[in-house]
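Chain by chain, the residues:
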Amino acid sequence: MTHENAATTASPSGAVDGRVDLLRLMVLGRELDQTLGRVDHHWHASLGEEAVIVGSFAALTAIDVGIPHYRGPLIASLVRGSDLRRLIAGVLGKTTGQSRGRWRGDVTGEVKPNQFGSFSGSLGPPLSYATGAALAAKLQRSGGVSLVLFGDGTVNTGLFHESLNLASMLRLPAIYVCQNNQYAISTPASVAVPGSVLKRGQGYGMVAVQVDGNDVLAVHEAVRAAADRGRSGEGPTFIDALTYRVGGHWITDRSPYRNADEAKAWAGRDPVRRLTRHLIDEGVLTEDDFAAMTREAAARTEAALAQAAADPWPDASALAANAYASD
Amino acid sequence: MARLSMSEAIVAGLREELAADERVFCLGQDIGSFGGALQSHRGLWNEFGKTGRIIEAPISEEGMVGMSVGAALCGMRPVVEIMFAEFLNLAMVPLANEAGQIHFKTDGLLRVPMVVRTMFGTNADLGHAEDYHSMLAHAPGLKVVMPSGARDAKGLIKSAIRDDNPVVFCEHMGLLHARREEVPDEEYLVPIGLADVKRPGRDVTIVATALMLHRTLKAAEQLAREDGIEAEVIDPRTILPLDRETILASVRKSGRLVIVHETWRTGGSGAEMAAVVAEEGFSALRAPIVRVAPAHIPIPYSAPLQKLFYPEEASIVEAVRRVARY
Numbered sequence: 246m247t248h249e250n251a252a253t254t255a256s257p258s259g260a261v262d263g264r265v266d267l268l269r270l271m272v273l274g275r276e277l278d279q280t281l282g283r284v285d286h287h288w289h290a291s292l293g294e295e296a297v298i299v300g301s302f303a304a305l306t307a308i309d310v311g312i313p314h315y316r317g318p319l320i321a322s323l324v325r326g327s328d329l330r331r332l333i334a335g336v337l338g339k340t341t342g343q344s345r346g347r348w349r350g351d352v353t354g355e356v357k358p359n360q361f362g363s364f365s366g367s368l369g370p371p372l373s374y375a376t377g378a379a380l381a382a383k384l385q386r387s388g389g390v391s392l393v394l395f396g397d398g399t400v401n402t403g404l405f406h407e408s409l410n411l412a413s414m415l416r417l418p419a420i421y422v423c424q425n426n427q428y429a430i431s432t433p434a435s436v437a438v439p440g441s442v443l444k445r446g447q448g449y450g451m452v453a454v455q456v457d458g459n460d461v462l463a464v465h466e467a468v469r470a471a472a473d474r475g476r477s478g479e480g481p482t483f484i485d486a487l488t489y490r491v492g493g494h495w496i497t498d499r500s501p502y503r504n505a506d507e508a509k510a511w512a513g514r515d516p517v518r519r520l521t522r523h524l525i526d527e528g529v530l531t532e533d534d535f536a537a538m539t540r541e542a543a544a545r546t547e548a549a550l551a552q553a554a555a556d557p558w559p560d561a562s563a564l565a566a567n568a569y570a571s572d
Numbered sequence: 004m005a006r007l008s009m010s011e012a013i014v015a016g017l018r019e020e021l022a023a024d025e026r027v028f029c030l031g032q033d034i035g036s037f038g039g040a041l042q043s044h045r046g047l048w049n050e051f052g053k054t055g056r057i058i059e060a061p062i063s064e065e066g067m068v069g070m071s072v073g074a075a076l077c078g079m080r081p082v083v084e085i086m087f088a089e090f091l092n093l094a095m096v097p098l099a100n101e102a103g104q105i106h107f108k109t110d111g112l113l114r115v116p117m118v119v120r121t122m123f124g125t126n127a128d129l130g131h132a133e134d135y136h137s138m139l140a141h142a143p144g145l146k147v148v149m150p151s152g153a154r155d156a157k158g159l160i161k162s163a164i165r166d167d168n169p170v171v172f173c174e175h176m177g178l179l180h181a182r183r184e185e186v187p188d189e190e191y192l193v194p195i196g197l198a199d200v201k202r203p204g205r206d207v208t209i210v211a212t213a214l215m216l217h218r219t220l221k222a223a224e225q226l227a228r229e230d231g232i233e234a235e236v237i238d239p240r241t242i243l244p245l246d247r248e249t250i251l252a253s254v255r256k257s258g259r260l261v262i263v264h265e266t267w268r269t270g271g272s273g274a275e276m277a278a279v280v281a282e283e284g285f286s287a288l289r290a291p292i293v294r295v296a297p298a299h300i301p302i303p304y305s306a307p308l309q310k311l312f313y314p315e316e317a318s319i320v321e322a323v324r325r326v327a328r329y
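The listed protein sequences correspond, in order, to chains A and B.
Residue numbers for the first sequence follow the numbering used here, beginning at 246 and rising by one.
Residue numbers for the second sequence follow the numbering used here, beginning at 4 and rising by one.
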């Protein structure tokens, strides 16, 4: 890790590093996520899962393709420099959102040539896009890797199977990270995934590891190692990042299907508190620093929300006669 | 000029594009030294194998198409073969739900320049004839192309590869190795979205695709000989986006429209053509629009049943005589 201070320290390769930066991103990401949960009653909140998202996306360089899960794509977008107001406008469907209201900004986040998401309601295609992006990187000899995050429910899909199998068969530099929060709506992974999520990944003949998904440094290191592996031509990696869905499937889901003890046990492993404690213990951060960080996140988010909420709606000019790309 | 089969013409077009643009790659089952089912990639492994751009895949249609979408989003130009058209339904999610919609949904930021090649159609081996292109033609953002011969096929595969949209390229198995056509040696393209009048006439417009186009041309000769009816036979070549102008101009001349295709009549791509002409060419019509296409039952297996199932010359002639009576 490089020099830690309150300013963003970007390494020459473009990767965000610095433990304080990681904490700042998790704090801002959580603030944005929870704020949108107050505005959108169907919001898929990422509370408790910030370390998987921030840790993995922060390990990418500018030439790598990152594809977030539908839970937390705005947090992933923040890691790679997206504008807060534009992200929020995309959730609200305002004309100032990236797609001018043509596509939902809640499950996709910012789209760039090196960052996609879901383009329909289906789970699975993003994994195949990671496989394809890795194939492109290999054919182009770019040295890039691809990263995709997905839930424990998605490991049961056909596209999970086909995407990982293809990546392994073709020895592609793809990184598949299961943002394993242990629930697919009301279905626990313990029921839906006989065997285990980790064993699924191991079945494809690729390197498969499990990490504590609530330890952002562990996640960051696992993805960094996977990227090295991919860039060296050693093929794909599967990472089972064990975390927990603190809230419901959507913000108003009280999830009566869970027992309270389980939630309590995981509350003690909150990723933000853990890193904060660690940095304070190491003398890198003070309580006041953390308080300032939290206040700044709140202020930035509130200002961005106010702007986006006041932004205009799109009109008919955002529609089209056909959906084709022309020459 | 060379006389090429439709299969040879498609491979020739593919070869030219692979040589001209290193972003183009082929993905499919058994397309390496095996040369592809029905020789769909004949000779390409020898010529391009060492560039790493002839890539063999396992039986993973949904994954193959999804992977191609991902590669296309990153600047490559994949030509993925889904061996038989009935397997296309396995890939509906990445193809219909997503690939065709990404350009619009990203407000023009991203493009998906990919081609999906697939084989269909009644043929001597009696298998894999099913053709679900009509379902794909319902998905916004896709293009669906269906050549009827070598000359069109070569120009269309090149256009499909150069097109920045996902293009489904449908190859009729009964035509791939059946007949040869003169194909220019010099480079040429056939535009996507442009129909071709294969036989001019003024008494009735017949729109027909693939193998049915050839049966329709025979029917037209019989109609001229026996009834003095001069049919104008149009090959759409592209199902989606449909060349409405060529068809409407012809109907304004003839006043009568018959549509012939090999896939089921109910909800087939001919239904869209009929609706377009009924909406936009109504004042020119002097007779009902008639579709000649199979009944809505599964394609039977036994050869004599298939003969009864598919439109033949006689059923096309009969349909034209019916509209001519009005």
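Careful, some of the hints might be misleading.
Covered, in the sense of this in silico footprint (three residues per stretch, anywhere, with C-beta under 8 Å from a C-beta of chain B), are these stretches of chain A [said to hold, decoys possible]:
| # | stretch |
| --- | --- |
| 1 | 340-351 |
| 2 | 357-364 |
| 3 | 404-415 |
If you are wondering where the hints come from, they were derived from the structure by calculation, not from laboratory data.
We put the beta carbon where it would ideally sit given N, CA and C, even for glycine.
Results of checking the hints against the structure:
1. 340-351: The restraint on the stretch 340-351 of chain A holds, since 5 of its residues have a Cβ under 8 Å from chain B and three suffice.
2. 357-364: n = 4 at 8 Å, threshold three: holds.
3. 404-415: holds (count 8)
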